[in-house]
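Listed here are the chains, written in short residue letters.
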Amino acid sequence: KQEVTQIPAALSVPEGENLVLNCSFTDSAIYNLQWFRQDPGKGLTSLLLIQSSQREQTSGRLNASLDKSSGRSTLYIAASQPGDSATYLCAAPGEGNQFYFGTGTSLTVIP
Amino acid sequence: SAVISQKPSRDICQRGTSLTIQCQVDSQVTMMFWYRQQPGQSLTLIATANQGSEATYESGFVIDKFPISRPNLTFSTLTVSNMSPEDSSIYLCSVEGREDYGYTFGSGTRLTVV
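Here the protein sequences line up with chains U and R, keeping their order. Residues 510 to 620, numbered by this note's numbering, are exactly what the first sequence covers, in order. Residues 237 to 350, numbered by this note's numbering, are exactly what the second sequence covers, in order.
Bound-form chain U, shown alone:
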């Protein structure tokens, strides 16, 4: 069964800092991996989808990397802003094409 782990569980940084969120997965036979953002009490917003054939995906200040062989993905946020404060979740497919989610990293960007 796919297991997804995210480190750190919580992160607090001053505005303007660059930061890295980590995601690891146990079953490397994945066809993609997806990063989401969740605001308190809300649904999920897709940030980036990385296909298994890709190593990186970029969207604005966000950059996600994927290393299947080591079972890791990172989400890099450049020049963080208070509006980036949210919980960030990564998800990877597993048996039966079910998507398995990590427990998330709760990010607070301090003005």
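If you are wondering where the hints come from, they were derived from the structure by calculation, not from laboratory data. Check the hints yourself; a few may be wrong.
[What the hints assert, rightly or not] Simulated crosslink set (PhoX-like; lysine-lysine; CA at most 25 Å straight-line):
no. : chain 1 : residue 1 : chain 2 : residue 2
1   : R       : 243       : U       : 551
2   : U       : 577       : R       : 301
3   : U       : 510       : U       : 577
Please build the complex by placing chain R on the supplied structure of chain U, with the hints as guidance.
Chain R only, in chain U's frame:
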């Protein structure tokens, strides 16, 4: 990517009652997924709903407690039956988009059972 309209966004319900959550997708999709997110936890898949067949439930979830309807390729409902405070969670529906977009989620239903 697909756009999902999920209703209600939140509700406070009495124990023993039932709540039906609706998800409407702006395009036809084969599979729709229902997730639960308990307070402070990550998402857990409840069931996968295919049009024209019974939903497939994950371990720990049963049809009597979480009946699902999938009358067509753009709509699904999840009912949380005979609710107890332990059912207080965020419930989310999801669809798998085209290859470039991955999964899309509804805005979630925040349920509080008192």
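Okay, the hints, checked on the actual structure:
For the hint pairing residue 243/R with residue 551/U, the CA-to-CA distance comes to about 12 Å; that is within 25 Å, so the pair holds. For the given pair, residue 577/U sits about 38 Å from residue 301/R by alpha-carbon distance, which is inconsistent with the 25 Å threshold. Pair hint residue 510/U plus residue 577/U holds up; C-alpha atoms about 16 Å apart against a cutoff of 25 Å.
Hint 2 from the list above is the single one not met by this structure.
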